[in-house]
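Undergrad: Using the sequences plus the hints, can you model the full thing?
Residues -10 to 683 in my numbering are what the sequence shown spells out, letter by letter.
One or more hints might be untrue.
Said to hold, decoys possible - Within a straight-line C-alpha distance of at most 27 Å, the following computed BS3-like cross-link-like pairs (lysine-lysine) qualify: (1) Lys480 to Lys467; (2) Lys512 to Lys453; (3) Lys301 to Lys199; (4) Lys217 to Lys467; (5) Lys230 to Lys361; (6) Lys199 to Lys186; (7) Lys199 to Lys217; (8) Lys331 to Lys361; (9) Lys453 to Lys467; (10) Lys488 to Lys516; (11) Lys516 to Lys453; (12) Lys476 to Lys488; (13) Lys488 to Lys449; (14) Lys449 to Lys512; (15) Lys89 to Lys172; (16) Lys186 to Lys89; (17) Lys217 to Lys453; (18) Lys316 to Lys301; (19) Lys512 to Lys552; (20) Lys331 to Lys316; (21) Lys172 to Lys186; (22) Lys476 to Lys449; (23) Lys449 to Lys361; (24) Lys186 to Lys217; (25) Lys516 to Lys449; (26) Lys595 to Lys480; (27) Lys199 to Lys172; (28) Lys453 to Lys361; (29) Lys552 to Lys476; (30) Lys467 to Lys186; (31) Lys172 to Lys230.
Calculated from the structure, these hints are not laboratory results.
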Amino acid sequence: MQDAGMHSQSRGPGSRIRSFNKPARACCAAALAMGFAALAMPALAQGPAGNASYVNPMIGTGSGPGGGQNLFPGPAMPFGMVQFSPDTEDHGFGYHYDQKRIHGFSMTHMSGVGCANEGEVFFQPTTGPVETEVAQYDSPYSHQQEHASPGYYSVDLLRWDIHAALTATDRTGEVQLTFPAGKDANLLVPISHTLNKAVGAQVQVVGNNKLEGYVTNLTFCGSNRPYKVYFVMQFSHPFQKYGTWSGLHDGTPAALNAGSREVTQPSAERQVGAYVSWPSSTAAQTVTVQIGISYVDLRGAENNLQAEAAGKSFAQLRRHARAAWSKALGVIDVTGGTPQQKAVFYTSLYHSLLIPSIFNDADGRYLGFDGKMHHVAAGHNIYDNFSGWDIYRGEMPLVALVDPQRMDDIAQSIVLMYQQGGWIGRWPQANQYTNVMAGSPLSIVLATAWLDGIHNFDMKTAWKGMYEDATQAPPNGKAYQGQLGMKWINKLHYVPDDKVSYGSVSQLQEDAIAYASLYDLAKDLGKPGAARTLYQRALYYRNLFDPQDRMFRPKDSDGVWVKPFDPTQEHGFIEGSGWHYQWFVPADLAWVVRAMGRDSFNQRLKHFFDYPVPMWNGEYYNPYNETDLEAPFEFNFSGMPWMTQRDIRSSHREDGPGPADGTPGVGGAGERSAWPVMSMMGCYREEPAGQGYE
-10 MQDAGMHSQS RGPGSRIRSF NKPARACCAA ALAMGFAALA MPALAQGPAG NASYVNPMIG
50 TGSGPGGGQN LFPGPAMPFG MVQFSPDTED HGFGYHYDQK RIHGFSMTHM SGVGCANEGE
110 VFFQPTTGPV ETEVAQYDSP YSHQQEHASP GYYSVDLLRW DIHAALTATD RTGEVQLTFP
170 AGKDANLLVP ISHTLNKAVG AQVQVVGNNK LEGYVTNLTF CGSNRPYKVY FVMQFSHPFQ
230 KYGTWSGLHD GTPAALNAGS REVTQPSAER QVGAYVSWPS STAAQTVTVQ IGISYVDLRG
290 AENNLQAEAA GKSFAQLRRH ARAAWSKALG VIDVTGGTPQ QKAVFYTSLY HSLLIPSIFN
350 DADGRYLGFD GKMHHVAAGH NIYDNFSGWD IYRGEMPLVA LVDPQRMDDI AQSIVLMYQQ
410 GGWIGRWPQA NQYTNVMAGS PLSIVLATAW LDGIHNFDMK TAWKGMYEDA TQAPPNGKAY
470 QGQLGMKWIN KLHYVPDDKV SYGSVSQLQE DAIAYASLYD LAKDLGKPGA ARTLYQRALY
530 YRNLFDPQDR MFRPKDSDGV WVKPFDPTQE HGFIEGSGWH YQWFVPADLA WVVRAMGRDS
590 FNQRLKHFFD YPVPMWNGEY YNPYNETDLE APFEFNFSGM PWMTQRDIRS SHREDGPGPA
650 DGTPGVGGAG ERSAWPVMSM MGCYREEPAG QGYE
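TA: Rendered as structure tokens:
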């Protein structure tokens, strides 16, 4: 069967190509006859444990051919605030399968993100004398005594002979610690320890069964904006001893202060912590710790604990988490395939449903982008940690398909970001703008949701924010950037390399995708004037296409092409090369095919996929990064859809069920996980907001 590509010529003006505009569920149901999976009601999930039984959270935690995958194996609920996991490093992403020692456990992680991040509310159980330096309390572990499944993780800390079992609710985590007989049992809380950089912290010992406090961490990738996480730890057994410590981050041993109930970290140079201890017993003893967190205040952390975990056993919480994952994964039902394919498919779907993450407390309170307290209505949630540059491509179209009610809340969260903070950010973390990456990806997310028929969010306000971002530079002195080079885009109709050196070509290509998405949205909203403006802006990317070498390349503000130009290098492009970005025009592929020449287009695209091994190479397909994810489907637009079939299936053959496997189905905050889900179903979106499927 050769003609698997379901595309047709554009219904709109100009030369844009559209995929065949079928309703999403009909498209994916049709895929069942052609391939692997189809949408199903949750009741159709396979077996008593549901599709969660196929998930292996260890996939993507190793260092495969694409490098560190930056995923974590610990428990979380779908899109949960708490993402609870062991940390095998002190600064970075948290867990790597090939690292041999567990330094502790922390309550927050971001799945598949490319900079050191989060890791707040860190603790480690030990036995014997209390020690406060990592080298004195970390522990080797064995993968033979480690288990991970949706909503559950357990491991033996071999140095201490302690068994730790973890589970989670949306806003709380619970750890069950089994200590050996004959030794004092401790829980250390080095609260200043995060995976990025804590600039302030406090911990208090409350009575004989509780710790509480906060840690102020910095946003990731050098954006360095502070946010605070509050916590409450409730112990199942009263502790007998307790204390605090304070010291410097220079390796100098911290001074223990036995019997102290409170300590505060005054600056980034210092580190503080607290400990609690139980006396040795003649038999092994188990202590359960329930931990609630909040981005609002201590009351929020306590309320979250009471609302979601208080009075419930570890087994009950574990069953609840498992049931939540069985329901979430049950929306897609698989027939046929091998066990390995099912493991890759459902683990990819699992990783697609981790972030963005819930930001509001159980009582509806949350901190907005204005730093003020707000409330979300009962039955709804506010979401944070939007990896915009990644997730607009495939993860958000997937969520719109499988969980439209959640997608409504995600869209409204973006609208409220604009309403409270003044702009739609690119990659917000917590309630802070970070300005990481490029383009206007969250405008594309909003357009995708609306054009998919998801309308229970404030489009009037959303449109105002999206159109401002697409046509104006933000005011000076604000925390947000908007589209880089907007002054030059409006003046020259391209981003000049001598004025914007960070990815001048790909910046404009990213912007053009947003303009094209808003063009479709403007038509749907009955805004013909805005649609005409956005249509013209969507074609600005053509100004950086050199008709001589038929490549996209950087140009200076005087209109002269930058020389020398090597299309295998990153100059002018973000995390990619001219070879990678020559395909990055999903809304206007008909023009690209004509401008490049159909034969030349196909010849280059064939060469692009003739890579010897999957890895980053400036001239070949890179299955590990977002810049190329649309490329395999582009043979559908150049008359050779069987080559799309070949290259998609070739990519899936590189997937595997091990920690270093899963590529390209891991990372990118869920984006590279959504790719195998969509492509295995036969429902990939070349243009995210375009309503068409390949």
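Undergrad: Are the hints correct? Go through all of them and say.
TA: Status of each hint after checking the structure:
1. Lys480 to Lys467: Holds, at about 23 Å.
2. Lys512 to Lys453: 15 Å, holds
3. Lys301 to Lys199: Status holds; Cα separation ~17 Å.
4. Lys217 to Lys467: Between lysine 217 and lysine 467 the Cα gap is close to 21 Å, so the pair holds against 27 Å.
5. Lys230 to Lys361: 39 Å, violated
6. Lys199 to Lys186: Holds, at roughly 25 Å.
7. Lys199 to Lys217: Holds, because 20 Å separates the two Cα atoms, which is no more than 27 Å.
8. Lys331 to Lys361: 45 Å, violated
9. Lys453 to Lys467: 18 Å, holds
10. Lys488 to Lys516: Given that 27 Å is the threshold and the Cα spacing comes to 33 Å, the pair is violated.
11. Lys516 to Lys453: Given that 27 Å is the threshold and the Cα spacing comes to 12 Å, the pair holds.
12. Lys476 to Lys488: 10 Å, holds
13. Lys488 to Lys449: 34 Å, violated
14. Lys449 to Lys512: 14 Å, holds
15. Lys89 to Lys172: Status holds; Cα separation ~24 Å.
16. Lys186 to Lys89: With Cα atoms ~23 Å apart, lysine 186 and lysine 89 stay inside 27 Å; holds.
17. Lys217 to Lys453: Outside the cut-off at roughly 30 Å; violated.
18. Lys316 to Lys301: Between lysine 316 and lysine 301 the Cα gap is close to 21 Å, so the pair holds against 27 Å.
19. Lys512 to Lys552: Given pair lysine 512, lysine 552 is violated - Cα atoms ~40 Å apart, limit 27 Å.
20. Lys331 to Lys316: 17 Å, holds
21. Lys172 to Lys186: 34 Å, violated
22. Lys476 to Lys449: 26 Å, holds
23. Lys449 to Lys361: OK: lysine 449 and lysine 361 at ~23 Å, within 27 Å.
24. Lys186 to Lys217: The given pair, whose Cα atoms are some 12 Å apart, holds under the 27 Å limit.
25. Lys516 to Lys449: With a Cα-Cα distance of about 12 Å, the restraint between lysine 516 and lysine 449 holds, given a limit of 27 Å.
26. Lys595 to Lys480: 37 Å, violated
27. Lys199 to Lys172: 22 Å, holds
28. Lys453 to Lys361: 22 Å, holds
29. Lys552 to Lys476: 24 Å, holds
30. Lys467 to Lys186: 23 Å, holds
31. Lys172 to Lys230: 14 Å, holds
Checked against the numbered hints listed earlier, the structure breaks hints 5, 8, 10, 13, 17, 19, 21, 26; every other hint is satisfied.
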